[in-house]
Each structure stands twice: as C-alpha cells, then as structure tokens.
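Line by line, the protein sequences give chains E and B.
The first sequence maps to residues 1 to 69 in this note's numbering.
The second sequence maps to residues 1 to 269 in this note's numbering.
No wet-lab data here; the hints were simulated from the structure.
Ideal Cβ placement from N, Cα and C applies to all residues, glycine included.
Ranges of calculated distance between the beta carbons of each label pair, as one might list FRET restraints: (1) Phe61/E to Met1/B: 42 to 50 Å; (2) Met1/E to Gly55/B: 50 to 58 Å; (3) Asp251/B to Glu32/E: 23 to 31 Å; (4) Lys27/E to Ser245/B: 23 to 31 Å.
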Amino acid sequence: MKIKINGEDFMFDHDALTVDELLIVHKIEMPEYVTVQVNEEIIDKDDFASFNIQDGDEVEFLYYMGGGK
Amino acid sequence: MSLSNQQLERYSRHIILKEVGGKGQAKLLNAKVLIIGTGGLGAPAAMYLAAAGIGTIGLVDFDDVDLSNLQRQIIHSTKDVGKPKVLSGQETIYEMNPDVEVVTYQEWIKADNIRDIIKDRDYDFIIDGTDNFPAKFLINDACVLAGKPFSHAGIIRFNGQTMTYVPGQGPCYRCIFKNPPPPDAVPTCRQAGVIGVMGGIIGTLQASEAIKYILGVGSLLNGYLLTYDALKMEFRKVKIAQRKSCPVCGDNPGIHQLEDYEQAHCELK
Chain E
1 MKIKINGEDF MFDHDALTVD ELLIVHKIEM PEYVTVQVNE EIIDKDDFAS
51 FNIQDGDEVE FLYYMGGGK
Chain B
1 MSLSNQQLER YSRHIILKEV GGKGQAKLLN AKVLIIGTGG LGAPAAMYLA
51 AAGIGTIGLV DFDDVDLSNL QRQIIHSTKD VGKPKVLSGQ ETIYEMNPDV
101 EVVTYQEWIK ADNIRDIIKD RDYDFIIDGT DNFPAKFLIN DACVLAGKPF
151 SHAGIIRFNG QTMTYVPGQG PCYRCIFKNP PPPDAVPTCR QAGVIGVMGG
201 IIGTLQASEA IKYILGVGSL LNGYLLTYDA LKMEFRKVKI AQRKSCPVCG
251 DNPGIHQLED YEQAHCELK
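Based on the provided sequences and hints, a complete structural model is requested.
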C-alpha cells in the first residue's frame with residue numbers, strides 16, 4: 001500500500017497496518033510520545049492496536065515541542 | 001481614539017495598509033496582549049508587538065536574565081544579566097515605544113494565579129512563550145476555561161511549531177496533545193539546545209497572529225498546527241480536527257478546574 005506520512009509518500013509491503021504496527025515499521029522513536037492523526041482525525045491511544053491504516057491514507061505524526069525560552 | 005501627529009508618522013506604514021488604516025491602528029493601541037515567558041519566543045513577540053503599538057503588554061516571567069539567554073532572547077542585553085527578565089523587557093519596550101504600557105508579573109504561572117493574571121487587565125490575546133509542558137497545558141486550560149484566544153508555540157533544536165486557539169473555532173492544544181508527557185521524557189531547549197533564530201521566527205509568527213486577531217483580518221492558525229524545520233527550510237501547515245473526546249474543550253469535558261503538573265526540577269529554570 002502507498003500512504004502519506006507527514007506529507008511524504010511511503011510504500012509498505014502490507015495491505016493494511018494498525019497504528020501500533022506502523023509505529024514499529026516506520027521506526028518511530030519514543031512512539032509513546034507521538035500523536036497520530038489519520039485523514040484529519042486524531043486517533044486515541046487506546047485504538048492504536050485496532051485502528052487500521054490503509055492504502056491512500058494520510059498519516060501525520062505530531063510531536064511534543066516543549067521549549068520556548 | 002484619535003491618533004497624534006507623532007503616532008500618524010510612527011505607524012504610517014501600518015496606516016497605509018487597507019487591512020489596518022487609522023481605525024485598525026487605534027484598535028492595536030487599545031489592545032492588551034499578555035506574553036507568558038520573556039525568553040526565546042516571548043522576547044521577539046514582545047518587541048514586534050511593542051513596535052506595532054499594542055497599547056498594553058503584560059510580561060510574565062519569574063527568571064532573571066542569564067548570560068546563556070542572550071544567544072536568542074533579544075529583548076535583553078549584556079548589561080541586563082542578573083536583572084529580572086520582566087524589568088529588562090519593560091525597559092527595552094519603553095525605549096522602543098512610549099505608547100506602550102508594560103505590566104510586569106514577576107512570578108511563575110500556576111493553577112492558583114494564572115486566572116488572576118489574565119483577568120488583571122482582561123487581556124484580549126495571550127501568547128505562550130513558556131519552555132515547559134506544565135505551563136503549556138496550564139495556559140491552554142486557563143484560556144479554554146476563560147474563553148480567551150491564545151497562541152501556542154514550542155521550539156527545539158532546528159524545529160518549531162505553533163497553533164492558535166480561538167474559543168469555539170477549532171481545536172485546543174489538548175485536542176492534539178491530550179496530556180503532558182512524563183517529566184524528562186521530552187527534552188527542553190536547556191537540555192537539547194535550540195538555534196537562536198528559531199524563537200525569532202516562531203515568536204514573530206505568534207505576534208502576527210495576535211495582530212491579525214486584534215485587527216480581525218485574514219485567517220489565523222486555528223485548526224492548524226504549523227511546523228517549521230530550519231534544516232530542511234520547510235514549513236508544513238497540518239490541518240487538525242477538534243477532538244470530540246478532548247478533556248477540556250470536547251463534548252463532555254472532564255477538566256473544569258486548573259491543576260499544576262509536575263515538572264522535572266532541572267527543567268524549571
């Protein structure tokens with residue numbers, strides 16, 4: 001399947017991936033601290049194991065940014 | 001409110017803009033903006049808002065100016081090291097523009113004082129220029145509960161992000177980041193470093209949002225998270241939906257009172 005991650009195209013040898021699986025396959029560091037949005041809908045962490053990402057989906061990994069001073 | 005001859009000249013490049021004009025400039029002169037944190041983000045935001053003639057600027061910061069601040073916190077100078085940041089900021093602004101009244105709050109924001117600070121002058125818009133998650137979540141919750149618009153921002157290394165909250169018009173910070181990360185899980189500028197210009201870029205975007213909100217022109221970053229990567233020289237404007245289950249602005253919010261989150265001690269300074 002082909003999906004967009006943070007605006008860039010990526011190919012995966014899977015028909016679908018759960019959010020948890022994508023976090024591993026896409027090698028996200030510190031996955032417990034990332035917010036995941038799929039097709040403009042924020043996915044609850046409780047649903048990471050069950051929510052399926054499919055061909056054509058647009059995924060955004062959003063990161064905490066704490067600095068400012 | 002009529003503008004003096006000096007004001008007509010000082011703000012002439014504003015007044016000539018059809019989106020501003022004399023009427024818009026008068027709005028800016030009557031406006032009140034609260035800037036929480038007088039550092040990397042707050043310094044440039046405060047300076048541009050002061051130059052723009054925002055009539056009342058509130059500065060909140062407990063810290064004193066440190067030599068290591070001067071690489072980016074351009075409102076402070078070498079002579080200010082050791083001085084409270086809010087006083088140093090106030091002096092700089094008074095030298096820039098005598099039209100501006102600067103109200104100083106030399107304290108850390110907490111659950112038990114943030115409402116009073118926002119209410120003190122009934123600020124129109126709030127800028128989050130803080131450097132830690134307890135403060136960022138507190139500002140979000142206080143603004144959502146008080147129905148005040150604010151600009152969130154964060155900067156680290158070569159990256160920055162900002163979003164604008166407008167009551168009833170899109171998501172809040174908690175819609176994206178439901179809860180603060182555990183203390184020490186995510187590094188701060190102090191631990192990870194930040195390129196000096198980043199506060200200037202993102203803080204100036206925050207000042208632009210405040211000015212547009214006051215003037216009532218253009219589109220704001222409500223409903224979007226703008227991210228900036230200086231190494232790639234890339235901006236991305238990511239559309240964000242309101243989270244129905246958001247604990248503070250959702251359909252059935254669980255948060256009705258402010259609370260202080262814990263912060264690793266080393267991050268407090």
